[in-house]
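In order, the protein sequences belong to chains R and Z.
Heads up, the first sequence is in the numbering used here, so the first residue is 1 and it goes up one at a time.
Heads up, the second sequence is in the numbering used here, so the first residue is 338 and it goes up one at a time.
FYI, nobody ran anything at the bench for these hints, they're computed from the structure.
The beta carbon of each residue, even a glycine, is placed where N, CA and C say it ideally should be.
Zero decoy hints are in this set.
DSS-like cross-link-like pairs, simulated, lysine-lysine; straight-line CA separation at most 25 Å: (1) Lys336/R <-> Lys215/R; (2) Lys30/R <-> Lys64/R; (3) Lys426/Z <-> Lys285/R; (4) Lys327/R <-> Lys362/Z; (5) Lys355/Z <-> Lys406/Z; (6) Lys336/R <-> Lys362/Z; (7) Lys285/R <-> Lys406/Z; (8) Lys355/Z <-> Lys285/R; (9) Lys42/R <-> Lys178/R; (10) Lys362/Z <-> Lys136/R; (11) Lys285/R <-> Lys398/Z; (12) Lys336/R <-> Lys219/R.
Where chain Z lies over chain R, by a calculated footprint (3+ residues, C-beta under 8 Å): (13) 27 to 39; (14) 55 to 67; (15) 231 to 241; (16) 257 to 270; (17) 280 to 287.
If you want a taste of the chain R side facing chain Z, the calculated C-beta under 8 Å gives, among others: (18) Glu139; (19) Ser140; (20) Gln251; (21) Glu253; (22) Ser317; (23) Ala319; (24) Pro321; (25) Val322; (26) Asp323; (27) Asn325.
So you can see what is in the structure, the chains are spelled out below.
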Amino acid sequence: MSERYTLTEAAVGTLIDTIAKSGRRVLGPKLVANRIEITDLKTFAELAQDGQAVVSAKGVVFPKVERLFKYRFEGGKTIALDDVEPNAQPTVLFGVRPCEARAFHALDVVFNWDSKDKFFNARMANTTVVGMACTKADESCFCTSIGSRPDDTQDSDILLSPRKAGGFVAEVLTEKGKVLVALAKDAFQPLAGNAELIPPATVAPAFDAKDLQQKLAAKFDSPLWAEQSLRCIGCGACAFVCPTCVCFDMQDEADTKQGQRLRSWDSCGMRIFTLHASGHNPRDKQSQRWRQRVYHKFSYYPERLGTLGCVGCGKCSRACPVDMNLKQHLAEAASKG
Amino acid sequence: MEDLNNKAKQLLESGAVKVVIGYGKGTGDTRRPIFVRAAEHTGDLVFDAACTQNLATYLTKAEVRAMGKMAIVAIPSTLRSILQLAAEKQLREENVLALTVLDGSLRELATFAAIEETVATIPDAISNADQQMIDKLTAMSVSERRAFWAAELNRCVKCYACRSSCPMCYCERCTMDSNRPQWIPVASHAVGNLEYHMVRAMHLAGRCVQCGTCGAACPVGIPVHLLTIFAEGTVRQHFGQKGGASAKLDYAMTTFKPDDKETFIR
Chain R
1 MSERYTLTEA AVGTLIDTIA KSGRRVLGPK LVANRIEITD LKTFAELAQD GQAVVSAKGV
61 VFPKVERLFK YRFEGGKTIA LDDVEPNAQP TVLFGVRPCE ARAFHALDVV FNWDSKDKFF
121 NARMANTTVV GMACTKADES CFCTSIGSRP DDTQDSDILL SPRKAGGFVA EVLTEKGKVL
181 VALAKDAFQP LAGNAELIPP ATVAPAFDAK DLQQKLAAKF DSPLWAEQSL RCIGCGACAF
241 VCPTCVCFDM QDEADTKQGQ RLRSWDSCGM RIFTLHASGH NPRDKQSQRW RQRVYHKFSY
301 YPERLGTLGC VGCGKCSRAC PVDMNLKQHL AEAASKG
Chain Z
338 MEDLNNKAKQ LLESGAVKVV IGYGKGTGDT RRPIFVRAAE HTGDLVFDAA CTQNLATYLT
398 KAEVRAMGKM AIVAIPSTLR SILQLAAEKQ LREENVLALT VLDGSLRELA TFAAIEETVA
458 TIPDAISNAD QQMIDKLTAM SVSERRAFWA AELNRCVKCY ACRSSCPMCY CERCTMDSNR
518 PQWIPVASHA VGNLEYHMVR AMHLAGRCVQ CGTCGAACPV GIPVHLLTIF AEGTVRQHFG
578 QKGGASAKLD YAMTTFKPDD KETFIR
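Assemble the whole structure, with the sequences as input and the hints as a guide.
Given below as structure tokens:
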């Protein structure tokens with residue numbers, strides 16, 4: 001059973017300060033030039049309590065570029081390999097939305113599917129997630145369609161819920177959460193009486209993910225994907241803002257003496273995605289790549305990994321330059337046939 | 338708007354065009370690209386001040402071209418893009434028809450000559466905000482300017498939304514995607530980001546129609562359009578040539594003229 005406490009706004013500020021002084025990096029949603037970014041958070045006042053960050057917090061555990069190893073050409077055929085240790089800075093993600101928190105599970109099932117990814121795991125082990133329940137949503141949000149809700153506790157170590165009278169209720173859900181409580185004991189006061197929370201945001205369900213998964217089984221060859229993707233311009237904005245998109249590309253950067261291997265984010269939107277060395281691409285058309293995006297998240301993930309590859313945050317829809325609204329497209333896929 | 342809907346309907350009914358590329362209602366108050374292929378759907382077309390995206394990028398998209406003759410709802414930058422695409426042999430006159438609203442009235446522009454004539458009457462329009470920003474950047478010292486762009490490009494994730502949304506970025510294989518050889522670092526680190534945006538700006542110098550669609554497309558709000566607008570402005574200033582003014586290629590960066598004012602080239 002989780003423990004519940006109450007924190008005043010000042011106490012949240014103290015908590016942020018105490019975490020920072022303990023040598024941990026504090027990152028959270030902050031309004032920067034009309035956009036919310038997940039960035040260094042110093043005070044409670046900086047924390048954006050509503051709205052969605054443009055780019056997800058995924059980069060904390062799966063950065064846009066990560067060096068995996070280095071090598072040196074030592075004459076002849078001798079190549080020396082140098083391991084690189086993960087730069088797993090102790091980090092607290094503070095005040096992120098519950099959908100962002102939930103996304104870490106979707107990443108975890110891939111990075112620990114067959115081989116255990118030491119970079120992801122080292123970063124994840126050193127990351128604590130303090131979620132904040134949403135009291136506002138917009139029309140791109142669809143967490144309730146994928147089996148979540150605006151005050152979902154899943155994969156948060158602590159969940160903060162705003163109270164009507166100001167301040168927050170903190171639900172401490174994991175051992176990592178308890179470590180933060182122990183750091184700043186005075187900030188966490190026992191909850192006496194009713195929590196009196198501000199009601200969570202209303203997010204009307206647009207489809208049912210299980211029902212969608214079943215319908216997708218018969219829709220692989222549907223003309224729907226070509227129709228929906230007609231306006232898609234094939235960039236990677238959706239994948240790169242997405243908290244669960246996990247596809248990556250490997251690139252070597254080398255000269256005649258030495259080199260390094262880098263792992264970078266990849267996107268199924270792009271023309272060269274899954275392009276074979278032979279020149280053949282099994283997903284030659286934008287419609288096939290769009291279909292891959294939908295099936296990967298809503299069919300292959302649940303079939304093979306037991307979880308959805310989507311948390312319903314709507315970041316992709318907000319970031320899309322041509323308004324490919326994922327919620328609408330999925331609702332359409334679930335409603336027809 | 339009623340004129341536009343009627344015209345689109347008439348074009349589709351008569352079979353004069355197979356698709357009308359235009360704007361429809363998007364999420365919230367936004368507009369999104371739509372592709373109307375049947376007369377009964379022309380009511381979905383919207384045209385108002387919120388229609389700011391240059392749709393010319395779809396004129397080279399294989400799936401759209403495969404439909405047959407295209408009509409496109411054109412804002413001034415779209416008309417310029419059509420001319421530039423024509424100049425670069427990416428578009429045939431018989432494959433496209435522009436529908437544009439000027440001074441409140443709808444015009445159907447069926448030839449490149451008609452588009453050239455129309456474009457010549459429309460003043461270049463860089464927004465005040467963009468012009469102010471360019472002036473501010475130009476007044477900076479080199480180190481200040483470098484610091485400004487380093488901070489902006491730090492947010493770049495190399496999603497290539499700027500490239501994909503640009504009507505002039507139509508190459509099937511972009512140099513940026515080449516890894517053997519790797520001309521530009523593919524990874525989105527500081528050097529990779531800077532080199533990508535430098536190359537993009539240089540590649541668009543003399544070809545950019547200054548529509549700003551790349552900047553609007555950027556999910557993280559980097560004003561990448563200022564780079565191409567500035568590069569285009571430099572070509573205009575030094576060579577007196579304008580991207581998107583003519584359907585005939587007269588491109589400062591690749592054209593040789595025996596009477597070039599520079600002696601080294603002769």
